[in-house]
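Protein chains in written order, with the numbering used here: chain A, 1 to 341; chain B, 342 to 712.
Derived by calculation from the structure, the hints in this document are not laboratory data.
Possibly wrong hints are sitting among the right ones.
[Stated by the list, open to error] Short, incomplete list of chain A residues facing chain B, as computed with Cβ under 10 Å: (1) E60; (2) M72; (3) A199; (4) V200; (5) S317; (6) L319; (7) A321.
Note that the Cβ used here is the ideal one computed from N, Cα and C, for glycine as well.
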Amino acid sequence: MATVTYRQALRDTLHAEMLRDENVFLMGEEIGLFEGSYKITEGLLKEFGPRRVRDTPIAEEGFVGAAIGAAMLGLRPVVELMTINFSLLALDQIVNHAAKIYGMFGGQASVPLVIRTPGGGGQQLGATHSQNVELFYSFIPGLKVVAPSTPAEASAMLKAAIRDDDPVLFLENLALYNSKGELPAEIADIEPAQIGRAAVTRPGTDITLIGYSRMARVTTEVAETLAAEGISAEVVDLRSLRPLDRATIVESVRRTGCAVVAEDDWLTYGIGAEIAATIQEGAFDWLDAPVRRVAMAEVPLPYAKSLETAALPSADSLLAAARDTLRATGRLPLSPLENAS
Amino acid sequence: MAETTKAAPARARRTRADSARSNGGGATAQGTTEHSADAATLVAYYRQMLLIRRFEERAARAYTEAKIGGYCHLNLGEEATVVGLMAALRPSDYLFTNYREHGYALGKGIGADRVMAELYGRSTGVSKGWGGSMHLFDAEARLLGGYGIVGGQVPLATGAALAVSYKGGDEVVMCQMGDGTTAIGAFHESLNIAGLWDLPVVFVVINNGLGMGTTVENSAAEPELYKRGAAYRMESARVDGTDVIAVREAARVAVERARSESRPYLLETVSPRLKGHSVVDPARYRSKEEREALKAADPLARLALELAESGALSHDDRDRLDAEVTAEINAAAAFADGSPAPEVSTLFDYTYATPVPGELRRLPAEPVFRD
């Protein structure tokens, strides 16, 4: 099957969904003539015209709210926010309106809206353009938050999000756009994913590594490194942050007895905190070591490369935390591995 | 309904001297308009206004009796505006409002019983008890929500108009809001978008002079609020909101512009807020003179007087009408009071329209895992 980039998978899936359903249309800043800040909407204005590929003014609250209103009347808007940082300008519309309309009016109107937006640091974009605030939305009942990590998953999840009757925040990542992966079928034939389901993407027995979006890729990388050292790491890709697939997480930890969570956001009150709490609630008696969290340093992300790199979670930091945890369980010798030989 | 002047018009009247219009270019013209309506129509409007008045009075009473919880904002003083605006809409037109919307729900044709039941938090309420006073919704009547966050409804209404335009429909979206809303960003973003995209939406600013206790003069750099339309090349006008016919005529112009030209419109109505911001607000920030002046501005008293003077509605007929309306409101309150509270078993019914695995359905004391 074809190997494509994450970007191409998103672009082709939008294209396929627009062909499939006349009610699907795109809105966002610079998505038409400019073809998207990250070129996800390349060629779509030319093919579908301005009615279905709508450039907006710089007014996140206004156009996200307008997308919600259009969704209430049965359209299926897919909004692109240039980065998740700009979603804060639309917070009231997303949290107080998109998330509330179905429940607050007793189920009389649903909001079939998708908000696509990339998070991710590491691009030297400075403090206001490098945050990962998916947590804000994962906190809110009424919203769904998905964070696929591979091109195949991105395509399947985007289809699910577009066809879902609820507002879905679809988290992308700047560092993933150029990453490649194999598709299981032609884009048009890819089955929509199940929102709310995590996946064990690599089975193992010694430790569970948990991640989402970019960090799901990093966990896989670290699992491969550990395999070379004789450690069998299981990888859980969360895929959906809300609803959270607690059962898959807990079942994995009950098998392995320990876990490290890798998250791209800050540690305090972060996604990892929720995962750690879930593990102690569901697998307390199976735990051989405390759950570790690998997360950003608690600072506004700096511009200078040296500082930015130090603040961000990486394969090295996850590997270090995983080794600590494995030593605590006795699955690695107590002295550091690199000095053992 | 007939409105020809041949059928012995009950009156001919002028809009207030402050009535004004602004075209998209920002020029302002002062003007007056002649309006008329036949006696039967005026009496019908009076009845609708009275229904709102008695409903709100009853709601205030029920609130003090703790039958109604949360916040409760009343349309007292806004009755002529509500009835005039609703008279300009077709049943197929959509309406978004703020949280001061009981009267609009009644005006859009929803029964007083289901509106009152929502205030009482009962399962028979328009929003099944999930919304309360601020969040009335009826898909069939096309009231697409009262919204409790100032300005929240404005982008939504703009988007609903986008959907109408996308589908090629001929419906109009009306978006009601208070004067305080004109200071919030969502208002300006929405007007810009509606102007830019030629959307069939009528923005109506209810200027009752006060945002809670803050006067328009203390919150708006340009207190002639309708003039904000000019910044978005949007036609706009201000009208006397205590004059039901003036409101209806102004709204018809606005609605027509939206329907036949797909152009947005900004209409400002000026009417008094007869009581506090909400039921619990005694409005002590108002002077005695101000309170006295309010009585003279009461739109219901004004129309009653005019109807009496023209002979369209005698004192006895008015009393009869009042008794009829009061009975309807009493029945609505009884219906609400006798309706069941929503079952706790329905607590998780409306979190998601598309059910998903992994959704946590637990009450506060329950553990996350049960095994």
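Results for each hint:
1. E60: Since chain B brings a Cβ to about 8 Å from A:E60, closer than 10 Å, the hint holds.
2. M72: It holds, given that the least Cβ distance between A:M72 and chain B is near 6 Å, below 10 Å.
3. A199: violated, 13 Å
4. V200: violated, 15 Å
5. S317: Violated - the Cβ of A:S317 stays beyond 10 Å from chain B, reaching only about 28 Å at its closest.
6. L319: This interface hint is violated because 29 Å lies over the 10 Å limit.
7. A321: violated, 25 Å
Consistency with the previously given hints fails for numbers 3, 4, 5, 6, 7, ordered from lowest to highest.
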